[in-house]
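Chains as they are written, first to last, in our numbering: chain A, 1 to 377; chain B, 1001 to 1377; chain C, 2001 to 2342; chain D, 3001 to 3342.
Hints in this document: simulated from the structure, not taken from any laboratory. Warning: the hint list may mix true and false statements.
[Claimed, not checked] Among chain A residues calculated to face chain B with C-beta under 10 Å, some are:
(1) Thr32
(2) Glu33
(3) Ile36
(4) Asp271
(5) Leu274
(6) Arg276
(7) Arg277
[As the list claims (entries may be wrong)] From chain B, some residues computed to sit far from chain C (all C-beta separations above 12 Å):
(8) Tyr1051
(9) Val1078
(10) Leu1134
(11) Gly1152
(12) Glu1209
(13) Ala1279
(14) Trp1345
(15) Asn1352
[Unchecked claim] Just some of the chain C residues that point at chain D, by a computed CB distance under 10 Å:
(16) Gln2231
(17) His2235
(18) Gln2263
Don't be surprised by glycine CBs; every beta carbon is placed ideally from N, CA and C.
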Amino acid sequence: MDLSLTPAELEFRDELREWLAANRPGPEPGDTEAAIDHRLAWQRTLFDAGYSGIAWPREHGGRGATQMEQAIFNEEMVRARAPAPANIIGLVMGGPVVITRGSDEQRARFLAPILSGEEIWCQGFSEPNAGSDLAALTTSAVQAEGGWVVNGQKVWTSFAHRARWCMLLAKTGDDQRHRNLTFFILDMKQPGVEVRPLRQATGDSEFNEIFFDNAFVPDENVVGAVGDGWNVGITTLMFERAGLSAASALAIQLKLDDLAALIRDRGLQDDRSLSRRLAALVIATETMRLNGYRGLTRIIEHGVPGPEGSIAKIQWADINQRVGELAMDVLGGAALLADPVWTRWMLRARANSIEGGTSEIQRNILAERVLNLPRMR
Amino acid sequence: MDLSLTPAELEFRDELREWLAANRPGPEPGDTEAAIDHRLAWQRTLFDAGYSGIAWPREHGGRGATQMEQAIFNEEMVRARAPAPANIIGLVMGGPVVITRGSDEQRARFLAPILSGEEIWCQGFSEPNAGSDLAALTTSAVQAEGGWVVNGQKVWTSFAHRARWCMLLAKTGDDQRHRNLTFFILDMKQPGVEVRPLRQATGDSEFNEIFFDNAFVPDENVVGAVGDGWNVGITTLMFERAGLSAASALAIQLKLDDLAALIRDRGLQDDRSLSRRLAALVIATETMRLNGYRGLTRIIEHGVPGPEGSIAKIQWADINQRVGELAMDVLGGAALLADPVWTRWMLRARANSIEGGTSEIQRNILAERVLNLPRMR
Amino acid sequence: MRFDLDDDQRAVRDGIDSLCRSAWSPASARRHGAGDDDAAALWRELVAAGWPGIAVAQAYGGQGLGTVELTLVCETMGRALAPGMFFGNAAVAALVEGAGDDDQRQRWLPGFASGEARGALGSLQPDGTGLALDAEGAAALVLVGGGRAMLVAAGDCQLEPAAGVDLTRRLSSVTLTGGTDELRGDLGTALERVEVALSAELVGVAQRALDLALDQARSRQQFGRPIGAYQAVSHRCADMLLDVESARSAVLAAAWTADHSPQALPFAASVAKVSAAQGAWRVTTASLQVHGGIGFTWEHDCHLLLRRAVASGHLLGSPEAHLDRVAAARGLGGAAAVPTAQ
Amino acid sequence: MRFDLDDDQRAVRDGIDSLCRSAWSPASARRHGAGDDDAAALWRELVAAGWPGIAVAQAYGGQGLGTVELTLVCETMGRALAPGMFFGNAAVAALVEGAGDDDQRQRWLPGFASGEARGALGSLQPDGTGLALDAEGAAALVLVGGGRAMLVAAGDCQLEPAAGVDLTRRLSSVTLTGGTDELRGDLGTALERVEVALSAELVGVAQRALDLALDQARSRQQFGRPIGAYQAVSHRCADMLLDVESARSAVLAAAWTADHSPQALPFAASVAKVSAAQGAWRVTTASLQVHGGIGFTWEHDCHLLLRRAVASGHLLGSPEAHLDRVAAARGLGGAAAVPTAQ
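One chain only, chain A, in its complex shape:
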């Protein structure tokens, strides 16, 4: 066990810090679309400096660094308050799935533009009637000349309106529960695809709905075997969390510093009840960070992300929600006024226990797949 950085990791980090000091991205614009442009430009800057696809193999255009260096990179980005690259879904999910499950042709076609940000990816898994339950998906793909014709609807897709490619899970059969799905890479720039923004409780529109009306996917864009989409999709979801929780924890710690400042600004620094709630959050966030690094070590040593990622997901949602609650209590009567930072945080955090697998589903995963408890279904 060694929690210090290795000489190689240290060198990577110091070089990155130096580069970041010289190449700070400007502040993120408030407007959503301008923010995406800003994040695209930032991804291009990262790409040009060799910081896109940190842990992707060199042969696929990545930096070939370790997963640990990827995590260090993520933490440094948070520390520098740099935005996530615009094509985060391509980098974190799309690319890794193409690398591990795709064909050579798919790798040749898709990987490079993911890294540069030239082609943004989005994820088409959730549907209005199939949130946690992928077996209830109804978007269908029917075999046709040279490919598949897709009809149906997806929801909660970020970047869909700017995306070139959609990772699509669609029904290709009626037989068994998990054997009737196939994983496609669908071209978003075609007439059969319509994207509508989805406005959230916060008032923002981070997400979209996608409607497919006889959209077409050629055969060569099927990932894995026809009917094996559930397994390919699960791989995608597991890549989603690996290596991100330490950086997420750091982001929360920075926010907690702001919240401590708010408590002091409002003259409430002697309120032991508020201060203990804040301290408990600082501690919970630190354990989330440590769980993240422990999980990452396990991934590095055993190859694939495991279901333990569910622990970090539950912690992340719970902590963010408690931060929002504490902020409201600190604001007290001033909680009436919409605060640009804290009201938004309080509201946005409510989705954290729903998006990317609800906290209930995460507990199911821990119970069934880590603790081997019997399933109800």
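Following the hints, complete the assembly by docking chains B, C and D onto the known chain A.
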């Protein structure tokens, strides 16, 4: 709506207070058996003064008072720090079931000695493999000449070693889930009945196990129809809580006063975190008391106790457990030493969410029977 | 003792419920919050039916009903996501009646009672400005803060729209431009009645959130079953019921106490506000969770309820301030306890 | 960075685990608590195998392994409900080594390291008496409290059995009858290492409680299914896993920090103690709930684990004291923060 006592209720209360002032029971002995003797003597005193079976009809030997007066009586007993009468199970469950479900002969035979405390009752529902799930009971009663032969085991019966009668739920058929149980009144003073004390986590032995080895119940001691025991048993359980929650809440408030004194004694009165936890408990306990009276009004107006009693049961367990936790935190390092009051409270409260129907079962009841949510089973 | 509504009280509740159902909807609430004029029509209906004066003394043109009746109206309005005009007017009437002097009562109460010269409630900020709810068109405001209550005629202040957390009531910042008139009577008791009415609104908000969650739990299917069959959902709903019923008991008891046992009101009001504010927060957030993604969309009412729970929960005395008061009565919590009505 | 045990560390854990499994059981723990002599035999085995000196410097006859290795032993012992002798001796050795002077080290550490002159840990009460754990037969005690640590030779104090919450360690009240010897060095850092070791024990206690709950959840049937199939149980178990794993991460990190990054130890130790103490309380109580009635019997181990969680959780710095320290580092919590080690 009128939360003040009616003139009749006021008169009842004032008379009771005066009587209590003149007839205080002495302090309860520490020894368990001596405490039962003390509570038996106290019941006799109450009985002689006409305070046994407050809300039982006059024709059955009770005082014929209202349920509200019964609740007032319960609160006054708590306020006077008087113990519960020894035959509490007979008074609260056995008697009411005999009155509402029993035959005239059963009423004539059983009711009077319940009131005087001459015959103590116990309840034989739970079994080692059937806690929440009455359908899983295995204690059986097989028809014989003039009655039934009982074999099996019950657990968690209070007063069993002192009881003359046991309210027994036993299997009398194999057909359907809830149609195979019958409710018996079993004589505990027979060779086929063995009682063993059950030692609890606290170190006390409030409860017993009962072993039945060809014990006999005559036909005339079947309550309700053969096979209808589940319905009779449920009635019993519902009577258990009606009217008790307001008094239980008062008992907790008295305990919270002691806990506030402990906080001050330990010089922690300025700790806002502890004081808010205490205040939150005071408030939760008050809502439990109010829920109790609101539920009692509903019972009085609609005749039978409803499933809302589950709310009070959940609150009671939760509050008691939080009181124990807060006490440990107030004691701090001194929590190492067994405190005669608070350590026992902390430990004993852990059973509150199990005994008399677990909090999980209470939530099932609320979900299924009050909120009409679909059942999983 | 009889802890249940009597027939007259049921009639009050059913009357306001049927008015709200015919004249208001979450869609109206959204339009009102966004600046449209729907609420004026609702207010005219309320005035026409005599609701504004329900709890104002008959001497000033009101019906002189009690605080229990007032809270029944407030709960129903909270459930309907009705705007803050009724509550604000009733609150200001209670403050002037309870803490004003004769002149103030004579001048303002008849207008509040008839609804023709509406009152609005606001908070007084430490910097001397105010924040008021649905105050546009009001004849007078009462701003409460720092243990004082200032009566301000509409002509003596300027309102500027402000962005509130709550989207179903309009928030204004208030700048004083003329004289104010302090309410120098028993402000504490009057404020506690207002807190009880506000708590009743929160019970209504929580009840609506529970109703929506139950609909969702029964109809939404996942893994071949309605989600309400899963204990992760059904037990959450049971806890919501516990919160709603506890807060309702606390509010009804506090309302009755306000009229019949005022010496017990401080404790009863704290029990009501803490139970209702914390309960509404827990229930509205739990309802959103039961709904899943759909509950997080702008179009769904979940966030309207949650936002209202946050805003009303922190209006006047915060739950923390009430906890401190309850603790202080037991000699706990130190000297620097937060004042109850900020 | 590599956040996992290496092979040597696994060997340490497996070694102590196999010793505990062969030489100790919950039944032994009950007998020890009740006054029987089982623990003496266990201690002899530990001494024979060289465990007492695992973290003592080689210069004093120990093996000089690190705090990580020490916590692995403590966690395993907590899981086994082993008595407090190993922990007490290791704690006292760490205090003398870290905060004692050369004379104190020379005099006591060789005996602690070999286990032939065992040390025991206690708390110093405000009234000048002490409370010590499994101190009978110890050669010396260190009593900690009020920011001080007093070394007392066995001959200079009297022990009286006291009734403890925990039934698996013997509690004694300590009356000083002779001289004491203060540890005047860097007590803070030494105490933090001890807190980390104590936290490791709590992780073991929680892990055992989770193990028992999982057995119960898989085997106990109600309503025709194992109870672990119900989310009320399975989600509770998932939360227990979360608590156990978080506390384990925190303890391992703090142990590593103690040896390699001491300036970061105060925060890391607080994270470990709060996570382990609160986690062990939540997990042991949840385990009892999963067990239902059987878990509340005297014969079942649930209450032994729960009692130990309470006692160790409040030993040395309470979770509240650590929260206050973390808050104070952010300028919060007022001046009167509770001292960390009472």
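The hints, checked one at a time:
no. : hint    : in the structure
1   : Thr32   : violated, 39 Å
2   : Glu33   : violated, 43 Å
3   : Ile36   : violated, 42 Å
4   : Asp271  : holds, 6 Å
5   : Leu274  : holds, 8 Å
6   : Arg276  : holds, 5 Å
7   : Arg277  : holds, 8 Å
8   : Tyr1051 : holds, 19 Å
9   : Val1078 : holds, 17 Å
10  : Leu1134 : holds, 19 Å
11  : Gly1152 : holds, 30 Å
12  : Glu1209 : holds, 30 Å
13  : Ala1279 : violated, 4 Å
14  : Trp1345 : holds, 18 Å
15  : Asn1352 : holds, 16 Å
16  : Gln2231 : holds, 4 Å
17  : His2235 : holds, 6 Å
18  : Gln2263 : violated, 34 Å
Violated hints, listed in ascending order, are 1, 2, 3, 13 and 18; each of the other numbered hints is respected by the structure.
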